[in-house]
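S.K.: The lines below spell out each chain.
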Amino acid sequence: MGTAVSTLVKNPKHAPPDTPEKGLTAPTAPRGARRRENFAGYLFMSPWIAGFVLLTAGPMIASLYFAFTDYNLFDTPKWVGLDNFTRMFEDPRWQKSVEVTAKYVVIGTPLKLLLALGVALLLAQSRRGQGFYRAAFYAPSLIGASVSVAFVWRALFSDGAIVDRTQSYLGWEVGGWVGNPDWILYCLVALTVWQFGAPMVIFLAGLKQVPRELYEAAEVDGAGPLRRFWSITLPMISPVLFFNVLLETIHSFQIFGSAYVVSNTFCGPADSTLVYTCYLYQKGFKEAQMGFASAMAWMLLLAVALVTAVLFWSQKKWVHYEEATR
Amino acid sequence: MHENRNVERRTVLKVAGATLATVGLGATATACGGGSGASGDGTVELRFSWWGADERAKRVNESIALFEKKFPKIKVKTDFQDYQSFWEKFQTQAAGGNPPDVFQNSLTFLRKYDKRGVVLDLKSQVDAGNLSLDNLRSGLDKLGEVDGKLVGVPVGSNVMSLVIDEKVFQAAGVTPKQGWTWDEYFDALQKIRDTQKVAGDTGYFGIMYLYDLYLRQNGKAFFTDDGLGFTEAELTEWWQDGYNRVKAGIVTDPKIVEQTKPKSALAAAHGASEFTWDNFTVRYATEGDSTYGLAPIPTTDGKQTGQWLGGLMLSASARTEHPEEAAQFIDFMVNDPEVGKVMGYDRGTLTSTPQFEAYQPTDAPNKAIAQYEEDVAAAGVLGEPTPHPAGADTVEAAFLRISGDMSQGKTKVSDAVKQFFSEAETALAG
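Chains as they are written, first to last, in the numbering used here: chain A, 13 to 338; chain B, 863 to 1292.
Everything labelled a hint here was simulated from the structure, so no lab data went into it.
Certain hints may be false.
To be verified - Which stretches of chain A does chain B cover? Using the computed rule of at least three CB atoms under 8 Å from a CB of chain B, they are:
# : segment
1 : 123 to 131
2 : 295 to 303
What the hints assert, rightly or not - The list that follows gives simulated cross-link-like pairs (lysine-lysine, DSS-like), each with its CA atoms no further than 27 Å apart:
# : chain 1 : residue 1 : chain 2 : residue 2
3 : B       : Lys951    : A       : Lys298
4 : B       : Lys1203   : A       : Lys298
5 : B       : Lys951    : B       : Lys1125
Stated by the list, open to error - Far from chain B, some chain A residues (derived; all Cβ distances over 10 Å):
#  : residue
6  : Leu85
7  : Pro104
8  : Val190
9  : Gly191
10 : Ile214
11 : Ala217
Where a beta carbon is used, it is the ideal one built from N, C-alpha and C, also for glycine.
Pulled out of the complex, with its shape left as it was, chain B reads as follows (with noise of 0.2 Å):
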């Protein structure tokens, strides 16, 4: 008997050993399929993932069939989910050594995965003559740069507003100006809510990109270079505040926009202003019925705003084996004209001159995003990008997700603002 065991043993060893290798084997093979190899007649493939949705995509698979025009050797296969997933999904395609060559990137993700070396930087090709920086719009060039290299380069240019329900503001008789100050948005939200019977924001406490904003109204910011630009003491006033104005009935039930999603709740006539990227206003005029506009973000010196020129990145994978194809991709995606023509604001507004010149918006609510980010340039208030340490993306959905728990009344403010320090300080030291 015992004898046998040894037998078999050795067989299932064999068996086993057999199967690996035919696994492993199977396994490499579809690396390589999956990966971006060139086949026999110089032809590359590259793959490019981004997240988004179906309008999104029409537009990328045209500006993608334009360059594979122009330049026939080069095949561009793409893939895109939404914002969340596309990040889960990346990070394990980035984990696995198998990210897509080329993909859509963002401030908040940009040192994460800088530090990880996920991310090719990209000056030897604008060395090369590959890639171009030289067109990009003022206050863009710099936004793709960590520590010298060149990670990202802006295809869409955003900046925080602030996104109003026209027809409801009317009727309450509210107008917003430039450099108007939180007392007077306060007002005017308690003004809507008398005359109206409707919340006049959605949630502001939870958007950290707002916060952001009322710090550098103060001299800080949300960020420093690796941690966090706040007190306690202060994100409580800010938080406290926040919940007093849902019990006063000026802000959204937060219930309410947690049932309303996926739709806002600005469309879904719960609420009368919203604070959000500018570019993001397209969706409100197709989800909602009344008219939306965008209006200034309000201010506590009666000047500053703290807006900053935020965007859309393009950004190629360190291990590409086509560093050369993934930058002329970019450099075709940044500059074309006509792709600037295909793509719209979609992704923010269009980041190159020649890009810019060539798309005259039509529709109001692109036409209303090139107006705002003229009267915002004109306005003197742009300032440079807040930083974003490695973790930012973390510390942003646990600001919103901490933020809500505290506005349903579910955590006591104090304990929410001990559980954000605690789990932006995991986040940022990760």
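Extracted from the complex, chain A is given alone in its bound form (with noise of 0.2 Å):
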């Protein structure tokens, strides 16, 4: 932990600005008061950085290291180098759990963001009640991640219940989500589609400041709505569009609560809901393999910065930034 306190302070990145400290204190100050100052500053700062320390940084660098070892929670962590990581991808539920997260994260996502830009623009018009409207298309993100709503959810999407009887009267029957292999990942998708919220207002922000110029110029020039949408609108918004792709993938990535829920704890039934995170819970506090799901952890580490950075490097082909072209 020292050295987690040491890069800290090493790293520039960390430390506290220094625009506002060269404001305050000439560079002829004396050090004495410069010192207090500075002591003061860490002094308030001190509860973050023993949370930080001790709840983040402490157990990251442990979870690093139980990564390389076969750890049962009771004896001492024996090194096996890189044997967990080797492991994982020789095990057929480590590659169930990689293909239900990522069947999750692509169906999902893009569906999520589409509702929440749909949704979107339709509430940028001024109408009567959009107040309501956008408080009421909110509300699902608010809640929506509380354990209550997944037993909700549980719940609707039965056999026999609400959604079921729908899908029967339509002539479509599946006997329920819920239970049901085939299904019951759809369930979780739609709970998280539902939860369009967030990402909404977010885009609610980027549309109202689309310039209103830009669109009288296109009406002039005869541009319909379509044209006008694919021309302004979309590389008007490509930053908020990066932000919340950026920030819904990584989330998605992350699922956990709502998967553990709605399959009744055990992320089936067949495995058909064994997300990432529900693997290693299983590894790590079921079956006591804590080295295992360290190196697990690790790994959706890597994989989300990945493809992160590939977002970040995708975004020189589609992001728009207004500053760049003036």
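Dock chain one against chain two, each of which comes alone in its own frame, and use the hints as you go.
M.R.: Okay, structure coming up:
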């Protein structure tokens, strides 16, 4: 943990911002005064520093070490090198968990963002009661992550419950989504898509900032609504879109709560909701293979970092920052 | 600038050091508070954790009130979760060196935590006269022993049984008999399917303890002392038959079973019988609308059911600061007749003669349980418990899960068997 503290200070990124300090204290001020001031600053930060070191940095370093060991929580960790990582790729359940998570991310995230953008476009126009609609569409984002909503979801999508009955009435019999290995993942997708409110609000803010005159000019030139959307709206909000894609993708990779509750804590049936973090939890806390679980966690971090890097790289191609063109 | 960095660094280290010290002290203080400290007046606090639900909580609290009245210097603090969560939490507590002083335990976990040095050997407490095993009913006195150590004392005994929906069985004209064979049993399921339009069983092939009985009928057992007691070929046959019976509709569609949880598929009338421990049967009467009875386990040779008495136990932590009080508490819970009256058969049939005689069940399900265990004992089919190596808990969970994948057609039977053997190997090695 000592290392964590020193890197924290060595790394200028984490040090307190220089600018206000320079403004307040003249470079010629006596060292003692600066020192006292710094001390006060760190004193105020100490709860955060303690929290960071003890609850985040410390456990992270520990888990990095455990990732290369065989550790059952009781006996001393045994160094096994890359064993945990190679074992992962040979483990059919691990492969399954990657597949399930990928499916969830690839289906859920675009659907959620499309819906968020669609509704944001509708709500961007002034009409009566728009304040109410915005609040109403945003509400699921506030409560959606709670365990109780996952329980409600479980009840809604069970055999003989409302979704199943409506489906059967329409002649599309699947016998409920919950407990059905072919359908239960879509139940989770529906749950995340339903919480489109947060990205929607961000889209709304982006839409509000598109200058009116661009649309007016385009209209004068005879551009239709679709053309205006493709050529003005989309490029203008692309930074916001990028932000949303990034955030939602990272967020999706970490799905746990809904899968755990909707599947009745087993992440089944037939491992159909065995999302990555759920398998990690099972390995670590049910089977006491904490080394393997730690390795899994670092693997997830690497995967998310890789996806983030790809997204950042790709933004050159499609994200349009207004400042750059001016 | 460089100099300045150094100052910052020193300061921050000091602050961080101070904070660490403070937090560290705080943690130590809490650990003591959370542990079983003895306060100035000699009062000792014991932490007792168990799994179960509200009904058991009421009975346990009532029993503890009796205990505290008799031992005013001992206070018992309780904490309970459902089975799954209990063991997850216990593992974390035990790994952190802070397990409860006394906890509910079962055969599946006995060796696992003994191997890790978590469980106290109660032998010395028996010798010191703080705990008596003299009154345990026959067949139960060895249940909590591991390699000559006493690591658990049974408080409730149970035996695997077949729970049936009596109305459906009657309507189909099927009567289970002691010593009936598997062929007769599956014919009965077919008859139920044909006449009552309901599956006869809710998924026998995924229950580790039933497969154990089947193996025992054939001179084997699910576990040996350190591994699995059967071959891949044997399990392939067991599961393939199970899969075929699901397809034939005489065993409930596993999807329906899954959706019905946490209610049992039998109580929800999606099946007419279910294999489970006899003390679980109380739940069917509360959950379902039909009447439920206990039937004999089918046999291979017309005689041996392979059954053995298992049970819930109480164990003490090896790290407890009050082994004497912990032993006194366990003794009271096992032997006190009043506690027997309060607990009833909630954790299984009462294990000590004074408790067994003090409690006379009045309701139908509990009467049936008492009768069933008497019948099984009278039939002379009870054997020694199957050994449970460390890791048995993980093996049981894998057996249930993988058989579920297999029965839903998500995994080929041969692949499922391979996967089970590989997971079991890892679990039993760990």
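S.K.: Each of the hints needs a verdict: does it hold here or not?
M.R.: Quick rundown of the hints versus the structure:
1. For the segment 123 to 131 of chain A, the assignment as covered by chain B is violated, since 0 residues bring a beta-carbon within under 8 Å of that chain's beta-carbons and 3 are needed.
2. Taking a C-beta to C-beta cut-off of 8 Å, the segment 295 to 303 of chain A contributes 5 residues in contact with chain B, enough for the three needed, and the coverage statement holds.
3. Between lysine 951 of chain B and lysine 298 of chain A, the direct Cα distance comes to roughly 10 Å. Compliance with the 27 Å bound is thereby established for this hinted pair.
4. A threshold of 27 Å between alpha carbons decides the hint, and for lysine 1203 of chain B with lysine 298 of chain A the separation of about 35 Å lies outside it, so the pair is violated.
5. With a C-alpha separation of about 24 Å, the suggested pairing of lysine 951 of chain B with lysine 1125 of chain B holds against the 27 Å cut-off.
6. Against chain B, the non-interface label of leucine 85 of chain A is violated: not every CB pair exceeds 10 Å, the least being about 4 Å.
7. Taking the minimum C-beta to C-beta distance to chain B, about 6 Å, the non-interface status of proline 104 of chain A is violated against the 10 Å cut.
8. Non-interface status of valine 190 of chain A relative to chain B is broken: a Cβ of that chain comes within 10 Å, the nearest being about 6 Å off.
9. At the 10 Å boundary, the C-beta of glycine 191 of chain A falls inside the reach of chain B, the nearest C-beta of that chain being 3 Å off.
10. Here isoleucine 214 of chain A stays apart from chain B, with its beta-carbon at least about 36 Å from theirs, past the 10 Å limit.
11. Distance to chain B confirms alanine 217 of chain A as a non-interface residue, since its nearest Cβ pair spans about 37 Å, more than 10 Å.
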